[in-house]
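K.L.:
Using the sequences provided together with the hints, build the complete structure.
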Amino acid sequence: MLLIRGGRVLDPASGTDATRDVLLDGDRIAGIAPHGQLASRAQGAEIFDAKDLIVAPGFIDLHCHLREPGGESSETIETGTRAAARGGFTAVCPMPNTRPVNDNASVTRSILERAAAVSPVRVWPIGAASIGSKGEALSEIAAMKQAGIVAVSDDGRPIATAKLLRQVMEYCRALDLPVIDHCEDSSLFAGAVMREGRQSVRLGLRGMPAATESLAVARDVQVGELTSCRLHIAHLSARASLELVRSAKAKGLPVTCEVTPHHFTLTDEDVQYDTRFKMNPPLASREDRDALVAGLADGSVDAIATDHAPHEAALKDVEFDRAPFGVTGFETAIGLALELVHAGKISLMRMVELFTSGPARVLGMQRRIAESDPADLTIFSAEHKWTFRAAESASKSKNSPFDDREFRGAPMATIVAGRIAYRR
Amino acid sequence: MPYRFGHMLAIEPLSAKEILFLLDQAKPFQEIQRHPLKKLATLRGKTVALAFFEPSTRTRVSFATAASRLGADQMNLQAESSSLKKGESLLDTVRTLEAMKPDCIVMRHSSSGAPDFVARNLLLPVINAGDGTHEHPTQALLDALTIRDRRGTLEGLNVTILGDILHSRVARSNIHLLSKFGCRITLCGPAMWLPRELECLVPAGASIRRVVRIEDALEGADVVLTLRVQQERLHEPVLSIDEYILQFQLTPQRLRIAKPDALVLHPGPMIRGLEIDPAVADGPQSCVLDQVTNGLAVRMALLFLMIGADTSSERDSSHAAD
Numbered sequence: 001m002l003l004i005r006g007g008r009v010l011d012p013a014s015g016t017d018a019t020r021d022v023l024l025d026g027d028r029i030a031g032i033a034p035h036g037q038l039a040s041r042a043q044g045a046e047i048f049d050a051k052d053l054i055v056a057p058g059f060i061d062l063h064c065h066l067r068e069p070g071g072e073s074s075e076t077i078e079t080g081t082r083a084a085a086r087g088g089f090t091a092v093c094p095m096p097n098t099r100p101v102n103d104n105a106s107v108t109r110s111i112l113e114r115a116a117a118v119s120p121v122r123v124w125p126i127g128a129a130s131i132g133s134k135g136e137a138l139s140e141i142a143a144m145k146q147a148g149i150v151a152v153s154d155d156g157r158p159i160a161t162a163k164l165l166r167q168v169m170e171y172c173r174a175l176d177l178p179v180i181d182h183c184e185d186s187s188l189f190a191g192a193v194m195r196e197g198r199q200s201v202r203l204g205l206r207g208m209p210a211a212t213e214s215l216a217v218a219r220d221v222q223v224g225e226l227t228s229c230r231l232h233i234a235h236l237s238a239r240a241s242l243e244l245v246r247s248a249k250a251k252g253l254p255v256t257c258e259v260t261p262h263h264f265t266l267t268d269e270d271v272q273y274d275t276r277f278k279m280n281p282p283l284a285s286r287e288d289r290d291a292l293v294a295g296l297a298d299g300s301v302d303a304i305a306t307d308h309a310p311h312e313a314a315l316k317d318v319e320f321d322r323a324p325f326g327v328t329g330f331e332t333a334i335g336l337a338l339e340l341v342h343a344g345k346i347s348l349m350r351m352v353e354l355f356t357s358g359p360a361r362v363l364g365m366q367r368r369i370a371e372s373d374p375a376d377l378t379i380f381s382a383e384h385k386w387t388f389r390a391a392e393s394a395s396k397s398k399n400s401p402f403d404d405r406e407f408r409g410a411p412m413a414t415i416v417a418g419r420i421a422y423r424r
Numbered sequence: 001m002p003y004r005f006g007h008m009l010a011i012e013p014l015s016a017k018e019i020l021f022l023l024d025q026a027k028p029f030q031e032i033q034r035h036p037l038k039k040l041a042t043l044r045g046k047t048v049a050l051a052f053f054e055p056s057t058r059t060r061v062s063f064a065t066a067a068s069r070l071g072a073d074q075m076n077l078q079a080e081s082s083s084l085k086k087g088e089s090l091l092d093t094v095r096t097l098e099a100m101k102p103d104c105i106v107m108r109h110s111s112s113g114a115p116d117f118v119a120r121n122l123l124l125p126v127i128n129a130g131d132g133t134h135e136h137p138t139q140a141l142l143d144a145l146t147i148r149d150r151r152g153t154l155e156g157l158n159v160t161i162l163g164d165i166l167h168s169r170v171a172r173s174n175i176h177l178l179s180k181f182g183c184r185i186t187l188c189g190p191a192m193w194l195p196r197e198l199e200c201l202v203p204a205g206a207s208i209r210r211v212v213r214i215e216d217a218l219e220g221a222d223v224v225l226t227l228r229v230q231q232e233r234l235h236e237p238v239l240s241i242d243e244y245i246l247q248f249q250l251t252p253q254r255l256r257i258a259k260p261d262a263l264v265l266h267p268g269p270m271i272r273g274l275e276i277d278p279a280v281a282d283g284p285q286s287c288v289l290d291q292v293t294n295g296l297a298v299r300m301a302l303l304f305l306m307i308g309a310d311t312s313s314e315r316d317s318s319h320a321a322d
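In order, the protein sequence lines correspond to chains G and E.
Each residue of the first sequence is one higher than the last, beginning at 1 in the working numbering.
Each residue of the second sequence is one higher than the last, beginning at 1 in the working numbering.
Derived from the structure by calculation, the hints contain no laboratory data.
Glycine included, C-beta positions come from ideal geometry on N, C-alpha and C.
Please note that the accuracy of each hint is not assured.
Partner residues are not named here, just some residues of chain E that face chain G (Cβ under 7 Å, in silico) [said to hold, decoys possible]:
1. S89
2. L91
3. S111
4. A114
5. D116
6. G132
7. T133
8. H134
9. W193
10. E197
11. C200
Here are the simulated SDA-like cross-link-like pairs (lysine to any residue), alpha carbons at most 25 Å apart as the crow flies [claimed, not checked]:
12. G:K145 with G:E113
13. G:K398 with E:L91
14. G:K398 with E:R120
P.N.:
In structure tokens form, the structure reads like this:
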């Protein structure tokens, strides 16, 4: 047993915001009650003093890349999930663009077996929508669902055609799986390396307009309407895309979206030939960034997801236009989200929702602090001052644009299935 | 020495004062080009590494000649013969060069920002000889020297730049340089290569405009800078050469719209009959050969300033701030 004593429990699912003790027994939550009331039941329990800390349901990251199998020089399931635990995440959803692609049940099972052996957090794989994510034939989605995938996506690239997307969505609707799409119109993308705008013109780097994303979002929303399948827009970065999601939601369509910490924090003005600022979708304009923050605040955005995309130094230490897209994100996500809280842009409760019940809803799950629910908790401080050093990260890769950034607020403990997976 | 140049990566961060200093330093080197014996011993014992990762003839020969005339030795690396073809990274290639102990590296690369990346990773001074579609600082300096010689000043001129502005590093460097001297800059070319964001290259208050009709763009021009039409870009997006000639070729008739003594500049290599009519290229207003000669003077001045005077210890100590 583990008694988490005296913390400020923030549970968006029940609206709880109060000082509570939480008792964990085995892998389940055994009780939640005002301070002191669980003492008799907690005889002999290990005590975790959560005074001045926030106790929240376990954080979920809907979007990450663990690189295993095939990309172990950049990250492994072990290093990636350790970084996730340090970042306060109790569950992470790795995208299927590994080598081989996670497009069949045996790859899914091998990922889950590896995770069971080495991961301190839950790993909920996302399966490829098409074989090899090549956009041609449907992958073995039903078999992967039996093996344990929680969604499908061809992330790294969009689901190739409207026709294929429709088939995937019809199929996934029957299987009750959400379809996650990396929205990008490839003809507008055309070899771009950053967002088109003043900065791309100044730097002489090939830019893509915001419409590269929003055109694809429009396609997806309309195809989604044909099928009634749940559609989730990955790493949404443009105001125009957000407006499409808003209007879809207003129509009652099952459309959700996520925003990454780097997109709600940085803008294209931060790009200076430093490949740590190169990711896809690229950093957006200030106007778009502000619109994303507004979407996080007003509920249009369902989740914060890291799109943790590690790349070993040899891949990133190259000319800007030759570097692969992607930045690491597990260990800086809470700190960056708290920047929005401290700036008064979103409430602490809303922030917790974006990491817990929000992403859970996308996956058709619940995330809350309630008796007999899984004992997954994220305990964090909204005040603890620290500096992120990429070199000290648990991730095998150090490609973070937030190296040396000072944060106010940090994950203090990550509890998965009743066990302390990480403690600061 | 009042100004030191740790690197020469771009015109954008330089001040007008620094640019004028560089141009003044080029004066004596212009003289030398007229001497029967052109070789100096100023940089004897120094080595200039020329690392051209993109095919180049004139800029490479110009830098090589500038180095020779200053008495410096050279290391030559060309894309064709480089180990990049064998899969070596840019960083490993330039670190190998650095280990051979040159005093500076002159580099051209097809990726915008590549010299910036190299400068962050080496302790050597880096001179950008053209990076992707970003900047070509020595070209803008030699253009400025040419204009100042003919006009006596850089201040307040009407400058028209013609061509594929978006993809031109020559245009960017010239826009940055000339706007620092209060020039009124007019950009003209096919509309898809003339995005609105180009107007944001210059500081607020500087004069820059985009014009679609060449006749409007040339009105009142003191200087007409014609860019090379990069035929490899004409297919993206598709634009026929004939269409370009029809709308944007600098012809004698069109040039008459500019001021009678307007200067015509071209960074080369020039494609006669495409972006420029041969009669204009060879006409009295053309400065193209002066530009080439001035290129030597500017590059000699730059090499002299960067590695000539014994500032190596100073440079080492100041490197962190570069």
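K.L.:
All hints are to be evaluated individually against the structure, with a verdict given for each.
P.N.:
Each hint, compared with the structure:
1. For E:S89, the suggested interface contact is upheld, since its CB lies about 6 Å from the closest CB of chain G, less than 7 Å.
2. Against a cut-off of 7 Å between C-beta atoms, the interface hint on E:L91 holds, since the closest Cβ of chain G lies about 6 Å away.
3. Interface restraint check: E:S111 against chain G, minimum CB-CB distance 4 Å, threshold 7 Å, status holds.
4. Because the smallest distance between the Cβ of E:A114 and any Cβ of chain G comes to about 5 Å, under 7 Å, the interface hint for this residue holds.
5. Proximity of E:D116 to chain G holds as hinted, the smallest CB-CB distance being about 5 Å (cut-off 7 Å).
6. Here the hint on E:G132 is kept, as its CB sits about 5 Å from the closest CB of chain G, short of 7 Å.
7. The closest approach between the C-beta of E:T133 and any C-beta of chain G is roughly 4 Å, which is under the 7 Å cut-off, so the hint is satisfied.
8. Because the beta carbon of E:H134 sits about 3 Å from the nearest beta carbon in chain G, less than 7 Å, this interface hint is met.
9. With a cut of 7 Å, the hint placing E:W193 at the interface with chain G is violated, because the nearest CB-to-CB distance is about 11 Å.
10. A distance limit of 7 Å between C-beta atoms decides the matter here; for E:E197 the minimum to chain G is near 4 Å, and the interface restraint holds.
11. Interface restraint check: E:C200 against chain G, minimum CB-CB distance 4 Å, threshold 7 Å, status holds.
12. Between G:K145 and G:E113, the direct Cα distance comes to roughly 15 Å. Compliance with the 25 Å bound is thereby established for this hinted pair.
13. For a cut-off of 25 Å, the pair hint linking G:K398 to E:L91 stands: about 18 Å separates their Cα positions.
14. Of the supplied pair hints, the one linking G:K398 and E:R120 holds, its CA atoms being roughly 17 Å apart against a limit of 25 Å.
In summary, the structure is inconsistent with hint 9 from the numbered list given earlier, while agreeing with all the others.
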